[in-house]
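Sequence order for the protein chains is A and B. Numbering that gives the first Met the number 0 numbers the first residue of the first sequence as 0 and each following residue consecutively. Numbering that gives the first Met the number 0 numbers the first residue of the second sequence as 0 and each following residue consecutively.
One should not assume that every hint holds.
Unchecked claim - Listed next, the in silico EDC-like pairs over lysine to aspartate or glutamate satisfying Cα-Cα at most 20 Å (straight line): (1) K53(B) - E291(A); (2) K165(A) - D6(A); (3) K347(B) - E255(B); (4) K126(B) - E120(A); (5) K201(A) - E139(A); (6) K126(B) - D302(A); (7) K307(A) - E131(B); (8) K340(A) - E30(B); (9) K340(A) - E34(B); (10) K192(B) - D270(B).
Unchecked claim - Counterexamples of contact, computed for chain B against chain A with all Cβ distances above 12 Å: (11) H29; (12) G66; (13) T93; (14) A122; (15) V223; (16) T446.
In short, the hints are calculated from the structure, not lab data. Every residue, glycine too, gets a C-beta built ideally from N, C-alpha and C.
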Amino acid sequence: MADLSVDFCGIKSPNPFWLASAPPTNTGAQIMRAFDAGWGGAVWKTLGNPIVNVSSRFGGIDYGSTRMMGLNNIELITDRPLDVNLREITEVKKRYPKHVVIASLMVETKDEWREIIQKAEDAGADGLELNFGCPHGMCERGMGSAVGNEPKVLEEIARWAVSFAKTPVIIKLTPNVSDIVEPGEAVLRSGAHAISLINTIKSIMGVDLERMIPLPRVGKYSTNGGYCGPAVKPIALHLLSQLTRHPTIKALPMSGIGGIGTWRDAAEFIALGATTVQVCTAVMHYGYRIVEDMIEGLSDFLDDRGMKSVNELRGLAIGQYQEWGDLDLSFRVVADVNEEKCIGCQLCYVACMDGAHQCIHLPGRTEAEARKAGHLHLPAHVPERAVKAVALANAGQLGPRAVPGTRIPFVDEDECIGCNLCSLVCPVAGCITMKELDSGKPVETWNDRIQKGTNLVPGGLDATERARRF
Amino acid sequence: MDSHSSMNLRLPPGRLEERFHEKKPLYDEHEALTEANRCLYCVDAPCVTACPTKIDVPTFIHKVATGNVRGAARTILTENLLGESCGQVCPVETLCAGACVYNAWERPPIQIGRLQHYAVTTAIANKPDLFELAPETGKTVALVGAGPASIAAAGWLALRGHRAVVFEKKTIPGGLNTLGIAPYKMKGDAALKEIAWVLGLAKGRIELRLGVDVVAGAAGAEEVSAAALLADYDAVFLGLGLGADSAMGVPGEDGEGVVGATAFIERLKADPALTLDGVQRAIVVGGGNTALDAVHELASLGVAATMVYRRSEAKMPGYAHELAAARVDGAGLVEDRAPIEVVRASGKLVALRVAPAKDGKPVGGAAPEDLPADLVIVAIGQNRATQIAQAFAGVALDPKGRVVVDPATHRTGNAKVWSGGDCVNGGKEVVNAVAEAKVAVLAIHSTLMGAN
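This is chain B alone, in the form it adopts within the complex (with noise of 0.2 Å):
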């Protein structure tokens, strides 16, 4: 096995995603002064009840305005290590600034996401040591996963005086923060400069092992088996995220020209060789923000991209915010239709036949349609990476396939392990990631130091 913790984390150029141009670039000083000083520096204040990691929003744009952009840095990063990606990749619509009391007021609130993107920036790129390290306990934690849920747990167990050792399947490390996030927020490349910052942040106390399968049984080359990790390691934290797409199961499916949402966003961000020549018309399948990203992506690439949704647009799970974009960007939407054959002549895909549907169901009788398509997305969610969860005795599921915790520790039923991110949640934000791995973190550590 190859240690990369001393890897160049880079992506190949030639992406589609550097087609995008960020949404919302980075504040140069004067835009983030002027932003911060229109914050009113509320007290008990609704924007750090909304985020999931409860970062002091107005302690740290005080100090944004105050010129103390380490000591913001400092405040958001204590309370979320991926603060910097969070602060580009939050739906801060429905979390921060959407609690934000000008909203009350009638006025814009504050941009909350611009500013903590800012003050992480431009403090870690003035100096990144922000923190200072504990010393050295002599423990190591095995990490499975290089999601966001790890590298924040694997950074924070490292200050803390931990070794961590993190193993992902992927040769590319961040999960679907490197590989899933719609580009006009935030690139791969920025995902991994973060995770590089997490690696310089902990010297060399974190372990990245790139191209490494965890499995149940004897391990093989380029494996480590679940039983060698509970042996060898003095903790374990499962950071698995979630498994394939799922698929649609209609006849037709199987071939080219369909694909699941997140193999194809992981394509768009980090494979030079996918194209989309000969892609005029693409469908996505699917009501969620992925699927909401994936059209949104497309529309901006100049593909007449249409999201096919089996409800209406009012019980979408996707946030609105994220349709009314993608919709000027120029995505559509087909609603109340539900897919029932991938249309193929001579084995090329030609449209997606679709029938009206009824609460989320195909209407018996109702005539189908056809909508052309050169490529089909599939986004209805994914499955769950059950298997390698499984592998760790102890460890239960709940009847939906996540992993059962301790809320209050992230403990599993194995007193060594814990777990935390999307494999936990079963799918939910960066953000829910971090503040997850920080509660793990804390059970982790005092159980280390003997506290219990």
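Chain A with its partners taken away, still in its complex shape (with noise of 0.2 Å):
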């Protein structure tokens, strides 16, 4: 079995998976049973001066008939007595010694940031995680994400937790920003010791459109909310790769956030450079229980490729982001069908009508009636396959499914694109897959052909044109 150990600028944790400071996280009760189930470390609920809740404070967004996709909520900072958090921290460390405990933290003066920073610490926290990325209702009071907008005062309120703290400093940025570099370079210049992102997104979950009043509903009212769950987890990775692959904000330590709920979601965040990744909404809805799943999916996988530790996986992707001018434009897939698979839904075929090239065809159609459907270019030939398999589903001989032939499309190769979309929306598994293609092209991308000066596509405006003849 891989070691799933891990040393996040110095704090040791028996595996990368914490729980995200957020409820389930509220109490130490709370975290020791988290611990009793796997979980490697927890981020406790954001300690603060005291606030006031609202009810109800959760949103939820369903897709299809599944639901939380994604989850909002505006529940501010912990609710409880500073003194009581800080005695069960001191209490969880003390029967956990091994696990991580991280003290988030949100007061807005210098003189309180040096006092709860020292209280957290005493009571035995093993590093700090500075929230500047809640953005609701703590924004309002100049704290959270309005620190995480503001890169300057980002930068000084990291430099006064540094010159405090004993243990770690995390700074969790917000992705409430245009470029996250801003904040992650202002994190590198203040010496906080590591990155946690990506705290939740603005967001209004939708309208209750008897009482036309946004949700989640106060009374007569509702405010924005922070988005989060599976919905948000593109987001995520995508600002945690432009953080893992800047030359210099690479060297902290990252704890991956973001629609995180199984061991597939963690090793994605862990390839793309976290060291540590967080949890909240998966367990909000399913319990603390889905970590077993998390260690030993991760634990599986790290065996089948023969990776001796976790920290063999660390960013082995972030290489593979490039960008798109460095994309090969020799590179070639095109749609393929498997007429066996095929159970002549043609949802591929309205797709790539209405929403791509208009490749896919129809078998068994006149040219006249295929023109009649909107097809302006008709494959010179129909493809073999497709005559054969439209006679072999005729016959009742296509597969176990008897699908007409005349429902199974076919693709016009030397008119598909690539884009990937009908196998997209297929709902079959492995029906349609992408055929990569010898394009018998040298590998170019757009910026060499900038350099050869090979970088003119005719037919733009006439200004453009004329600019590039001079």
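Now that you have both chains on their own, put them together as the hints suggest.
The following block contains the structure:
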């Protein structure tokens, strides 16, 4: 079994799986149950000056029959007295000395930061996470994402914290910025030891159309919340990779957050450079128990690839993220429909017709019928396999599903631009795959063309054409 | 005695069971993912409670959904080492799936059996070594009978570091799991493949001795005495199963054309010499699940097969869902009739004479009728394997001939002997045998390791 233990800027954790600062880390009793279930660390629900919360607090967004594809909340930091939280931190660390407890902190003044850092460290926290990410409520009071949005303010407060702290200082960033590199560089300048990202995204979860009140509703009104859950994972992966591929910021350990619920999600964040991952929504949905699958799945994955430690996985995918200008223009894939798996729903056909490049056709049509359906370019010839598939399917000999042959689309490979769309909408796994074709051309990027001066594509604005000529 | 631990576990070709198609074939990955994602991942789930081996069903299904198929298999096999076959042969309709919360919601329950079959088969095909072996303990356990209880027990004992020697009278291991399962659920070679996997898992710690009879007295060739087992081994596990099919006890019963149900099904599954040439009409006597399997199998093979039961349909001990499925495939049912004679012409079977019955007994004076038949299958239960059990001093039997055990440990009256499966429970499912084997293994292990 692969070694899952990690060292996060000096903090040793039995595994990379931490609970994010959120309702699942509200109390010591909860965190101890989480550690029993297998979580390696927990970032305590943010400590600060006392606040008052509203009811209700969460909003969810479903996709079809899938519940809570995304979640948002308008809950503030902890609403429990500071001394109670500190006492519980001490108790948890006493009973679970090998597990990681990070104190998430959010206060305003320099004196407050000094005091709360000292109290959190005295209580036994292994490290501090400065909450510069919360995008609802607290930011209106000049804290949370209000700090994360202003690199100068972020840098200054982070410097205070570094000067007060004896334990590592982690800066939790907000994704509600136009360029994550700016706050990332501010963290680096401040001397803070690590970054965690992403905090939640500003959001309105929907509108109650009966009451005409956005969601979640508090009496007659609502406000924006912080969005999280599976739906935000792609955003989080991108922002993480923006930092882990940055020439200087990449030196900081990263704790990846955003839509992580399975071992596979975690592996993806680690492959893009995260040392630890933090989880909230999936636990709010299914409970602490999900960590069993995360530990086992990640461990088996590493074993399968002959990796002895999770550290070998870290960052393996970073180098394969390049600017668009460095992508190979000669690389070519085309869609390939497996006639035996096709169930004849024709979702690929309509997606290609209306949403892509009109290169998927239905067999058995006359040219007039095809033109009437909207095809402007017709295949030079119907591929033999499509003809055969039609004959077989009509004879009931194509696979177990007895789909009429005329319902099974075929791809005009000469016209297919390899966009993936048909394979993305196809409901049957492995039915439409993207087949790699040898384009016969050497690797060439847009940046290569710029260098060679061959980046002239005919058919633009006259002004551009004129400018190019001179 | 030959050691068969490295034998080639295969059945000969040309068996009747090969003509059957599986009603619930192995899911492909996409089917499994779709079904797994339908599971709500309930907490303290009723499907777990309903499973005799207490498999953590929501956890294994969640793992299937995340692509952690190997982890799913571990979750299953930790509780039920024969999870691959149980995924196929369990009456899930009355166990896990029957308890699924979707039922209360009037939606189709999760196909737990099919997901279990998928998870274990896929994981094993990819990488058979799913568990770490404990170091050798130097202890050896004898297991009598190679049915599911003994195979599961041998596997678990070996994983815990013990050696296991399994003695089986027949030349094919697996008991009813190999030789008694309806072929539209699972074929014999699948059961043998699972046994081969258990043997491989244990890395030579399990020895299978086939064609060896355990006897009370002095042992002859291909025999071993109970006393020798007690003397030579650190513990003994009795997984005896049941004995021969019970007879009706009516005139004309002895002779060709009348066979016991388990004997018939065994030949259908393992003996290429069995044909149904000339059999157009068959009658299956009984109302239990073995009777239902037999009538369903015959009907599927194109025989006009009718079940004769001495009580009403409502009182049948067989599962209602199995009767419904048998009927779909053409099986018939005659209720409230009791057999009183096997009618023969010049020795040849021609009919089963039945009388109207009330509360299971023939009604005196009522006119009997002859049900024409070329084959009569008797499925009214099995005798107990009492002789072998009694060969072990201190092992007690209850009035029904079942081996008496302490339910908490499955230890018998002999402190060195444990028991489980049909010989203890009187004849239940494979999953019950495995559940009992698990209890026994935990007790044997702690005894051998000196815990008590």
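Hint check results:
no., hint, verdict
1, K53(B) - E291(A), "holds, 18 Å"
2, K165(A) - D6(A), "holds, 17 Å"
3, K347(B) - E255(B), "holds, 7 Å"
4, K126(B) - E120(A), "violated, 47 Å"
5, K201(A) - E139(A), "holds, 13 Å"
6, K126(B) - D302(A), "holds, 12 Å"
7, K307(A) - E131(B), "holds, 17 Å"
8, K340(A) - E30(B), "holds, 12 Å"
9, K340(A) - E34(B), "holds, 18 Å"
10, K192(B) - D270(B), "holds, 18 Å"
11, H29, "violated, 3 Å"
12, G66, "violated, 6 Å"
13, T93, "holds, 27 Å"
14, A122, "violated, 10 Å"
15, V223, "holds, 41 Å"
16, T446, "holds, 30 Å"
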